[in-house]
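*Asks:* Sequence:
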Amino acid sequence: MLVIVLAGLAFWLAIALVNAENQRNALVTNQCADPVFKGEIDRQCLLTVHSREHWWDHLFYAMGHVKPERPAPVGRR
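Per this note's numbering, residue 1 is the first one in the sequence shown, and the count goes up by one each step.
Derived from the structure by calculation, the hints contain no laboratory data. No incorrect hints appear here.
Here are the computed lysine to any residue pairs in the SDA-like style, where the Cα-Cα straight-line distance is at most 25 angstroms:
{"#": "1", "residue 1": "Lys67", "residue 2": "Gln31"}
{"#": "2", "residue 1": "Lys67", "residue 2": "His54"}
{"#": "3", "residue 1": "Lys67", "residue 2": "Leu13"}
{"#": "4", "residue 1": "Lys67", "residue 2": "Asn19"}
{"#": "5", "residue 1": "Lys38", "residue 2": "Ala20"}
{"#": "6", "residue 1": "Lys38", "residue 2": "Leu27"}
{"#": "7", "residue 1": "Lys67", "residue 2": "Trp56"}
{"#": "8", "residue 1": "Lys67", "residue 2": "Ser51"}
{"#": "9", "residue 1": "Lys67", "residue 2": "Ala14"}
{"#": "10", "residue 1": "Lys67", "residue 2": "Gln23"}
{"#": "11", "residue 1": "Lys67", "residue 2": "Arg52"}
{"#": "12", "residue 1": "Lys67", "residue 2": "Val18"}
{"#": "13", "residue 1": "Lys67", "residue 2": "Glu53"}
{"#": "14", "residue 1": "Lys67", "residue 2": "Trp55"}
{"#": "15", "residue 1": "Lys38", "residue 2": "Ser51"}
{"#": "16", "residue 1": "Lys67", "residue 2": "Ala10"}
{"#": "17", "residue 1": "Lys67", "residue 2": "Leu17"}
{"#": "18", "residue 1": "Lys38", "residue 2": "Thr48"}
{"#": "19", "residue 1": "Lys67", "residue 2": "Val28"}
{"#": "20", "residue 1": "Lys67", "residue 2": "Ile15"}
{"#": "21", "residue 1": "Lys67", "residue 2": "His50"}
{"#": "22", "residue 1": "Lys38", "residue 2": "Asn25"}
{"#": "23", "residue 1": "Lys67", "residue 2": "Asn30"}
Make a model of the complete structure from these sequences and hints.
*Replies:* Structure, rendered in structure tokens:
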């Protein structure tokens with residue numbers, strides 16, 4: 001019984017991770033920009049966007065990139 005519960009929990013977490021990475025990638029690549037209000041986000045687009053070709057691309061990217069990317073270095077003034 002415990003194995004079934006843990007497998008279900010792992011499956012549920014994988015689905016949540018894929019959805020979060022899909023939305024994160026759509027925001028980073030600016031796929032859901034609101035056409036009417038510049039600089040805003042189309043929230044309906046975030047619910048339906050497919051920012052990569054397959055769901056496993058999101059899963060593998062999210063599992064391999066657990067730390068945030070470093071910002072670009074700023075030059076001296």
